[in-house]
Each structure stands twice: as structure tokens, then as C-alpha cells.
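Novice: Listed below are the residues making up each chain.
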Amino acid sequence: MNQWNNFSKGFIKDNPVFVLFLGLCPTLGVTTSAFNGLGMGLATTFVLLMSNLVVSIIKSLIPDKVRIPTFIVVIASFVTIVEMVMEAYLPTLFEQLGLFIPLIVVNCLVLGRAEAFASKNNILSSIIDGLGMGFGFAFALTLLGAVREILGSGTLFGLNLHLFPLDSDGNPITMLVFVLAPGAFLALGYLIVLINKLKKKIY
Amino acid sequence: MEYIIIVISAIFVNNIVLARFLGICPFIGVSSKVETAIGMTGAVTFVMVIATIVTYLLQNYVLNPLGIAFMQTITFILVIASLVQLVEIILKKVSPPMYQALGIFLPLITTNCAILGVAILAVQNNYNLMESVVFAIANAIGFGLALITFAGLREHLDLVNVPKAFKGVPIAFIVAGLLSLAFMGFSGIV
Numbered sequence: 004m005n006q007w008n009n010f011s012k013g014f015i016k017d018n019p020v021f022v023l024f025l026g027l028c029p030t031l032g033v034t035t036s037a038f039n040g041l042g043m044g045l046a047t048t049f050v051l052l053m054s055n056l057v058v059s060i061i062k063s064l065i066p067d068k069v070r071i072p073t074f075i076v077v078i079a080s081f082v083t084i085v086e087m088v089m090e091a092y093l094p095t096l097f098e099q100l101g102l103f104i105p106l107i108v109v110n111c112l113v114l115g116r117a118e119a120f121a122s123k124n125n126i127l128s129s130i131i132d133g134l135g136m137g138f139g140f141a142f143a144l145t146l147l148g149a150v151r152e153i154l155g156s157g158t159l160f161g162l163n164l165h166l167f168p169l170d171s172d173g174n175p176i177t178m179l180v181f182v183l184a185p186g187a188f189l190a191l192g193y194l195i196v197l198i199n200k201l202k203k204k205i206y
Numbered sequence: 006m007e008y009i010i011i012v013i014s015a016i017f018v019n020n021i022v023l024a025r026f027l028g029i030c031p032f033i034g035v036s037s038k039v040e041t042a043i044g045m046t047g048a049v050t051f052v053m054v055i056a057t058i059v060t061y062l063l064q065n066y067v068l069n070p071l072g073i074a075f076m077q078t079i080t081f082i083l084v085i086a087s088l089v090q091l092v093e094i095i096l097k098k099v100s101p102p103m104y105q106a107l108g109i110f111l112p113l114i115t116t117n118c119a120i121l122g123v124a125i126l127a128v129q130n131n132y133n134l135m136e137s138v139v140f141a142i143a144n145a146i147g148f149g150l151a152l153i154t155f156a157g158l159r160e161h162l163d164l165v166n167v168p169k170a171f172k173g174v175p176i177a178f179i180v181a182g183l184l185s186l187a188f189m190g191f192s193g194i195v
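Line by line, the protein sequences give chains A and B.
So the first sequence is residues 4 to 206, counted in the working numbering.
So the second sequence is residues 6 to 195, counted in the working numbering.
Be aware that a few hints might be false.
[Unchecked claim] Simulated restraints, written as ranges between beta carbons of each label pair:
1) B:N131 with A:V88: 22 to 28 angstroms
2) B:E7 with A:F14: 46 to 52 angstroms
3) B:L158 with A:S63: 44 to 50 angstroms
4) A:S63 with B:H161: 49 to 55 angstroms
5) B:L134 with A:Y193: 41 to 47 angstroms
[What the hints assert, rightly or not] Sample of chain B residues with no beta-carbon within 10 angstroms of chain A, all distances over it, derived:
6) Y8
7) T41
8) I58
9) L63
10) E93
11) K97
12) P101
13) F110
14) L111
15) N133
16) M135
17) L158
18) R159
19) H161
20) L162
Treat the hints as calculated values from the structure; they're not laboratory data.
Cβ atoms here follow ideal geometry from the backbone N, Cα and C, with glycine treated the same way.
All chains, full assembly: derive it from the sequences and hints.
Specialist: Below is the structure:
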């Protein structure tokens, strides 16, 4: 039960994006579609899981003074792995996410979990924490991506939903602003309001 | 001429915060007062310019000749982290008043994605050293412009009566969205 709480806290109660406001740069930057959000979320989950695992294994070997640089090196190594694997096997996604792949290194969520959780807890809890927080992050990014994609392009995961009227050329008249930069801020702002309301009902 | 294009596009058209979404954490986190926003801008400008110069030299004279460009992420973040420490130590010794003003913001900068982002962008765009420096300065100004404007807006937001669920961060995001909408008016200039 305790481990289940540890896992499930990342979804709503301590959601990294909606509640803790961590890792906002990739959240806003890549969520032009649900697929991009999911891809970024899973890439971050992998880095988070592996860095939590490694940090909790080597935590007793790291001198306290150099622990932050050590964590950063661990994280950066896994980010480089993600970068190379993605470039080889998912080149389109790699191009879409672009700069935000190397920037996983400075995602405060990853470093934050290493410092606040993995360096103090055993291996199993750290793995579960990494998975829970990672999936919570991926959930938030996919949700935001889905909202923006539906409103901005009228599609979901690339499937046409036929929600919007067509203009004389047969193109749907969508709310383009939602796939542009301002839409990211607006959509996230309103989603946080919704989550606030929801949290009050549940807890 | 190309310097002017770099400057205009970095500050207004592709504003680092409002269009590229880099440095959102300080943008939301330390923008509740204009004073702290100015301090943060100073610290970011300082580190961003130095970091871009150092990473440019590393990329072109160490990583590329050795054929290990894939080490870019690890190298850059380590350089930035140690640079922040170095700047902190030097500033403490050389200029205590400046350290007093910028000190508390410096440790936050290591995990500011704007610094790493600008360093990587300068390499990706194949800028030479001078262009990289101009690019870094322009982006720092763009960051400051967005941050200080937003801080001014948020000071007023505190006095406004908004619905309870909107209080704090959500309304800040919506205001940021409107600010970003305003900056979109600049697209097409360059």
C-alpha cells in the first residue's frame, strides 16, 4: 500500500507539472501535439528512472560536497543515451523535440528527485518514485498536448476528429493560436485551474 | 547588418522566454517583484555571456577536432556548473556589493535551461565567436525584458481580485500567454 502511494502520488496529488510546477520548459515547448508530449514524457521518465536507480545505488559512495555535480554527470550520461537512441530510431520525433532533448539535463524535476528522494531512500522505493513521477510528468504532457492539438489542429494523435467547420478550400478552421506559443501558456493556465478544482473535490 | 538581425530576432521575434520557452522556471519563480527580476537578469546576463564564450571555444577547439561532439551535453552542463561556482567565488572576492546583489540568484542559474539552451543554439546555428557573443547578449536582454515586464504585471496582479482557483500561478500563466500573444506581433519583422 505504501509503495502504491509512492507510485500514484505523481499523477494528481503531487503532479510535477500541475502542482509542483517543475520541468515547465519542456512542458510548454514540446506540447504542440499529444504524440510529442508523450514522447518527451517517456524520454524524461527513462532518464528519471535510471538516474534515480543509479543515484540510490551509489549514494553512500558520493561525498556530500560534490553530490550535485555527481548527480548532474549521471543525468547527463543518460540524456546522451536517450539523444543517440532517439536520433537513430525516431528521427522525426527527435527533430520535433529538438533542443529540448539535451535540455532534459536541466529539468529541475530530474535533479530534484535525485536530490530529494533517491539520495535518501533505498533502491526499490527510488525506482517506484522515478516511475511514478515520470508517468505523472508524461501524463501531464500528453494531456496538455492533446488539448492543444484538438483545439489547434482539430486532431488527436494525428487522427482527424472532424470538430471544426471547413473553409472554402476544405481546410478546417481551427484555433491556430493553441499550437503557437501563447496557446501553451493559456492552455496550461486553464488546466492548472481545472486540476485545482478537481483536487479540492478528491482530497 | 547580420548582428542587427541577430539582436532583433533574439529579443523580439524569437524571445527566449515567450517564444522559445527557455528559462520558464525563473520566469514564474522569481518574477513576483521587479527588484528581484532585475537581480536575476543581471546574474543571467553575466553567466550567459561567459558560458557561451567558453562552450563555443570548447566545441570548436576540443570536441570537434577530437570527433567527440556527442559529449556536448555532458561537457556543456559541467562547464556551466563549474562556471557558476567560479563566478560566485570571484565575485565574492572582487566585488562584494555586486555579490550581495546577485549572490542568491547564482546557484539557481545552473539549472536555468536558458543558459544551456543559448550555448547549444549558438553552436547549432554555426555562429562565429563574435556572433555567439552578440547572440548571448541579445538573448539575455530578451530574457530581462520578458522577466521585468512580467514582474511589473504580477505586482499589479496581487492587488486584483481573481477567482480563488485562479490565484497565484494559473493567472500568471494566463497573463504570460497574453504577453506572448503581444510579442507575436513582432513576428515577420526580420
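Novice: Now, for every hint given, state plainly whether the structure supports it.
Specialist: Hint-by-hint comparison with the structure:
no. : hint                                   : result
1   : B:N131 with A:V88: 22 to 28 angstroms  : holds, 26 angstroms
2   : B:E7 with A:F14: 46 to 52 angstroms    : holds, 48 angstroms
3   : B:L158 with A:S63: 44 to 50 angstroms  : holds, 48 angstroms
4   : A:S63 with B:H161: 49 to 55 angstroms  : holds, 50 angstroms
5   : B:L134 with A:Y193: 41 to 47 angstroms : holds, 44 angstroms
6   : Y8                                     : holds, 23 angstroms
7   : T41                                    : holds, 17 angstroms
8   : I58                                    : holds, 19 angstroms
9   : L63                                    : holds, 15 angstroms
10  : E93                                    : holds, 13 angstroms
11  : K97                                    : holds, 18 angstroms
12  : P101                                   : holds, 24 angstroms
13  : F110                                   : holds, 15 angstroms
14  : L111                                   : holds, 14 angstroms
15  : N133                                   : holds, 20 angstroms
16  : M135                                   : holds, 22 angstroms
17  : L158                                   : holds, 13 angstroms
18  : R159                                   : holds, 13 angstroms
19  : H161                                   : holds, 17 angstroms
20  : L162                                   : holds, 12 angstroms
In the structure shown, no violation is registered for any of the earlier numbered hints.
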